[in-house]
Amino acid sequence: KAGVTQTPRYLIKTRGQQVTLSCSPISGHRSVSWYQQTPGQGLQFLFEYFSETQRNKGNFPGRFSGRQFSNSRSEMNVSTLELGDSALYLCASSHGTSGGEQFFGPGTRLTVL
Amino acid sequence: DQQVKQNSPSLSVQEGRISILNCDYTNSMFDYFLWYKKYPAEGPTFLISISSIKDKNEDGRFTVFLNKSAKHLSLHIVPSQPGDSAVYFCAPGHTGANSKLTFGKGITLSVRP
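Keeping their order, the protein sequence lines are chains L and P. Numbered by my numbering, the letters in the first sequence go through residues 126 to 238 in order. Numbered by my numbering, the letters in the second sequence go through residues 23 to 135 in order.
Interface residues of chain L toward chain P, partial, derived using beta-carbon atoms under 7 angstroms:
1. E173
2. P231
3. G232
Keep in mind that the hints were calculated from the coordinates and are not lab data. Built from N, CA and C at the ideal position, the CB exists for glycine as well.
Work the whole structure out from these sequences, hints included.
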């Protein structure tokens, strides 16, 4: 079974631009969660999508948004990029039930200049 | 408000000895706890979990202990191996939040040969 894939793996943008990251979950998984990892804050939950609906949301500004398609693939968008948005963005897929293991992709390393 | 604390940012142990990684939490709603291991440039990988109805779960060299009254859990690795060198994250969740996980900031474990 193929694992979680994320594209692109690396991205360099400048302040004010916007970016779209993509995540393909494990086949059969209906939940996709997004996390931001920075050296100072660790892994912080952004949001979770389940069956094309946002089911959970973390404490991030509205510049961070996402969506999920009918095939469970998910995209995350960050608009008006700031230097502080430089981070590793990880997505995780699961069946969506509480207590279940989440499987992470390798992440997208975003650098904002 | 840091709901999950991994107060020791790093730990160094000799190969063959025991590694004990600690995690404290404040949210009494958490009812399951996952541990993830992360190597550089890779996404976290699931290691072991424990439900709040248990106080111990064992899987090979890895054992997790949960003390609900103290809101404390620990991961024991015996015997430690150089390949265990990685960052370890404690990630609790609760059924009311579906599959959302709250991650600690991680502990960097170094196992010396």
